[in-house]
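With these hints in hand, go ahead and build the complete structure from the sequences.
Chains as they are written, first to last, in our numbering: chain Z, 1 to 181; chain Y, 1 to 167.
If you're looking for bench data, these hints aren't it; they were derived computationally from the structure. Any given hint could turn out to be false.
[Said to hold, decoys possible] Ranges between beta-carbon positions, derived for each pair: (1) Z:130 / Y:89: 40 to 48 Å; (2) Y:3 / Z:170: 20 to 28 Å; (3) Y:158 / Z:130: 35 to 43 Å; (4) Y:157 / Z:91: 49 to 57 Å; (5) Y:114 / Z:126: 24 to 32 Å; (6) Z:6 / Y:3: 27 to 35 Å; (7) Y:104 / Z:108: 40 to 48 Å; (8) Z:130 / Y:58: 18 to 26 Å; (9) Y:5 / Z:170: 37 to 45 Å; (10) Z:130 / Y:101: 32 to 40 Å.
Glycine included, each C-beta is placed from N, C-alpha and C at the ideal position.
The primary structure of each chain is shown beneath.
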Amino acid sequence: MFEKPSKLNPALIAGLAIGVVSGLPGLNLINCCCCAGIILGGMLAVHLYKQEFTGDMPPMESSDALVLGIMAGIVGAVSSVVVGGLVTVLFGGVEERFIMKFLEEFFSRMEESGGMPPGSVDELMEQMERSFEESRTFGGILRNLFFSLIIYPIFAMLGGLIGYGLLVKKKPASPSQQAQA
Amino acid sequence: MIPRRTILAVFFLAVLFWCAGFLLLPVTSHIGLDPSEGYAFYGRVCHQIDARSWHVGAEPFGVCIRCSAIYLGALVSLFVMLLVREPDPRVARWAFVVTIAAVAVDVGLDLLGVASNTELSRTITGGLAGVAAPWFVMPLFVDAVQQLLRKRVQSQQGDVIHVRETE
Chain Z
1 MFEKPSKLNP ALIAGLAIGV VSGLPGLNLI NCCCCAGIIL GGMLAVHLYK QEFTGDMPPM
61 ESSDALVLGI MAGIVGAVSS VVVGGLVTVL FGGVEERFIM KFLEEFFSRM EESGGMPPGS
121 VDELMEQMER SFEESRTFGG ILRNLFFSLI IYPIFAMLGG LIGYGLLVKK KPASPSQQAQ
181 A
Chain Y
1 MIPRRTILAV FFLAVLFWCA GFLLLPVTSH IGLDPSEGYA FYGRVCHQID ARSWHVGAEP
61 FGVCIRCSAI YLGALVSLFV MLLVREPDPR VARWAFVVTI AAVAVDVGLD LLGVASNTEL
121 SRTITGGLAG VAAPWFVMPL FVDAVQQLLR KRVQSQQGDV IHVRETE
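In structure tokens, the structure reads:
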């Protein structure tokens with residue numbers, strides 16, 4: 001019987017996906033919903049890892065999903081800071097103004113339709129501006145990385161376990177595997 | 001092997017710590033602490049819109065109503081899980097999927113402008129999702145931790161046997 005496939009590639013790909021989703025302004029709003037982007041990244045890692053299994057390998061276990069999620073979360077934390085930094089360096093104020101304008105229009109429409117209470121758009125835009133300003137300083141980047149390295153692995157691990165529970169069919173262990181255990 | 005209940009208890013304490021963090025943020029300024037770092041930390045996982053948050057006095061919790069309901073629901077479930085046996089995994093799975101779908105519908109209808117969600121709808125959908133999630137995720141987590149510990153013990157035993165053989 002062969003060994004299980006390496007976790008590195010799925011963790012790297014899913015981690016980079018987390019980094020892109022979390023690092024791009026506007027797209028990173030998905031994480032405002034209980035880190036949905038990071039949880040989905042953990043699920044993606046499990047999905048990619050599952051594809052690498054062949055019939056003659058031992059079945060995927062929940063511990064694989066847990067480790068994969070943590071790995072993807074760590075990669076995601078670092079890559080989100082890198083992607084965010086690159087976006088700022090490459091596009092600077094142009095990208096910031098574009099995102100702010102887009103979000104202002106979007107949230108204003110929600111406010112008009114009653115989806116958001118009056119005045120909350122201004123408050124949200126202030127928060128966005130503050131976060132843009134903070135993300136440009138070295139201290140802001142370090143703080144960002146520190147917070148991300150705590151939060152991302154936890155939520156990606158949960159995503160990995162959710163992905164395992166939803167996507168992976170549990171096969172009963174073969175007699176040889178039971179003997180190994 | 002570490003018993004299921006011990007792993008659950010550790011996770012419960014971690015979630016309790018997490019919840020205490022966002023619940024106590026509004027009162028930190030009253031005891032002379034600066035809550036801005038705490039708000040920045042929880043701001044990584046929540047939009048923190050003031051009008052969509054519960055308050056203590058004039059200060060909001062660290063996360064919005066829906067997130068608060070999810071985390072507090074999960075905390076309650078984790079406590080109950082310490083006392084009772086796990087239900088059928090298929091029931092837990094379906095409960096998780098249905099409650100997450102309810103959250104998605106509540107958010108989606110609001111984003112599309114079809115129907116605005118309310119404080120009550122956010123509390124109920126978030127709370128139900130929070131209550132359902134641990135029953136689905138925690139058995140997998142407990143299983144995963146036990147597998148990792150078992151593998152570690154096996155590899156240590158393997159090392160000891162290897163050293164004895166070489167001696």
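Status of each hint after checking the structure:
| no. | hint | verdict |
| --- | --- | --- |
| 1 | Z:130 / Y:89: 40 to 48 Å | holds, 44 Å |
| 2 | Y:3 / Z:170: 20 to 28 Å | holds, 22 Å |
| 3 | Y:158 / Z:130: 35 to 43 Å | violated, 54 Å |
| 4 | Y:157 / Z:91: 49 to 57 Å | holds, 55 Å |
| 5 | Y:114 / Z:126: 24 to 32 Å | holds, 28 Å |
| 6 | Z:6 / Y:3: 27 to 35 Å | holds, 32 Å |
| 7 | Y:104 / Z:108: 40 to 48 Å | violated, 24 Å |
| 8 | Z:130 / Y:58: 18 to 26 Å | holds, 19 Å |
| 9 | Y:5 / Z:170: 37 to 45 Å | violated, 23 Å |
| 10 | Z:130 / Y:101: 32 to 40 Å | holds, 34 Å |
Violated hints for the displayed structure, listed by number in ascending order: 3, 7 and 9.
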